[in-house]
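2 protein chains.
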Amino acid sequence: MRYFEDFQPGDVSEHGPHVVSREEIIAFATQFDPQPFHLSDEAARDSIFGGLVASGWHTASLCHRLLVDSFLGQTSSMGSPGLDELRWLKPVRPGDTLHVRVEVVSATPSRSKPDRGAIKLRMEVRNQKDEVVMTELANVLFGRRP
Amino acid sequence: MRYFEDFQPGDVSEHGPHVVSREEIIAFATQFDPQPFHLSDEAARDSIFGGLVASGWHTASLCHRLLVDSFLGQTSSMGSPGLDELRWLKPVRPGDTLHVRVEVVSATPSRSKPDRGAIKLRMEVRNQKDEVVMTELANVLFGRRP
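Protein chains in written order, with the UniProt record's numbering: chain A, 1 to 146; chain B, 1 to 146.
Just so you know, the hints here were simulated from the structure itself, not pulled from any lab data.
Note that this is a predicted model, so its numbers are computed, not measured.
Glycine included, C-beta positions come from ideal geometry on N, C-alpha and C.
Careful, some of the hints might be misleading.
Per the computed footprint, the stretches of chain B lying under chain A, defined by three or more beta-carbons under 8 Å from a beta-carbon of chain A, are [as the list claims (entries may be wrong)]:
id: 1; segment: 32 to 42
id: 2; segment: 56 to 67
id: 3; segment: 80 to 87
As a list, the in silico DSS-like pairs of lysine-lysine whose alpha-carbon atoms are at most 25 Å apart [stated by the list, open to error]:
id: 4; chain 1: B; residue 1: K120; chain 2: B; residue 2: K90
id: 5; chain 1: B; residue 1: K90; chain 2: B; residue 2: K129
id: 6; chain 1: B; residue 1: K90; chain 2: A; residue 2: K113
id: 7; chain 1: A; residue 1: K120; chain 2: A; residue 2: K90
id: 8; chain 1: A; residue 1: K120; chain 2: B; residue 2: K90
id: 9; chain 1: B; residue 1: K113; chain 2: A; residue 2: K90
id: 10; chain 1: A; residue 1: K90; chain 2: B; residue 2: K120
Start from the sequences and build out the full structure, keeping to the hints where you can.
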């Protein structure tokens with residue numbers, strides 16, 4: 001189990017890969033983002049994207065899943081109060097392979113709650129061409145070592 | 001069809017409701033956020049939340065769906081470059097009824113691309129007790145009237 005104390009500013013880790021399928025792009029979009037460019041190759045062809053692209057919320061959720069699997073899962077994570085600077089920089093298309101790079105930006109003990117601290121994480125999602133497709137700057141609360 | 005020109009700073013609209021079910025909380029978490037407090041009542045009981053709560057990414061995706069259904073769906077939306085100030089302020093629990101309030105903050109024509117403009121939207125997601133559970137400040141690109 002990793003606690004708040006186990007994260008140091010400058011720590012970098014890599015997570016993934018995840019290969020994005022056409023089926024999962026359409027399934028996510030059908031439930032959460034039914035805009036034409038997320039729903040079918042035909043409708044997407046005439047859009048500004050020129051073909052099917054994943055919902056930005058899908059990319060963010062996939063990034064989070066990769067993080068839970070190999071980063072947050074075995075920690076004292078207590079959830080997140082929020083994030084800033086979420087940017088969708090390049091389209092994510094069927095067959096793209098995504099990796100997430102996480103850098104610890106800061107680690108701040110809570111002033112009011114001595115059992116926890118906030119870690120600021122800068123995340124970059126890259127595709128198989130090493131293009132950055134998404135970035136975010138997230139806060140996550142972690143329990144301190146008991 | 002609503003175009004960039006049809007949005008004015010100060011415009012406010014309300015969207016929803018959506019009733020969040022235990023089943024959809026668990027289904028989303030199983031796919032994208034398999035942390036104990038999102039996966040089962042039993043595991044969540046011993047967490048800091050004291051019971052099952054929706055993944056923040058689920059709440060954000062549900063908010064987006066409400067927006068597509070009654071706001072973005074019949075517009076010239078060209079997708080979003082990103083957002084800031086995403087905040088998860090209160091837990092979302094099974095049975096909660098969510099509404100989204102959207103306010104147009106600004107409307108800025110693109111300097112480089114005369115066919116589009118960026119609209120900044122402040123969103124508030126509230127539950128049935130009128131508590132704000134999530135906020136965000138999003139940018140969305142809209143095509144200009146042809």
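Evaluated hints:
no., hint, verdict
1, 32 to 42, "holds (count 5)"
2, 56 to 67, "holds (count 7)"
3, 80 to 87, "holds (count 8)"
4, B:K120 x B:K90, "holds (24 Å)"
5, B:K90 x B:K129, "holds (11 Å)"
6, B:K90 x A:K113, "holds (18 Å)"
7, A:K120 x A:K90, "holds (24 Å)"
8, A:K120 x B:K90, "holds (20 Å)"
9, B:K113 x A:K90, "holds (18 Å)"
10, A:K90 x B:K120, "holds (20 Å)"
The structure agrees with every numbered hint stated previously.
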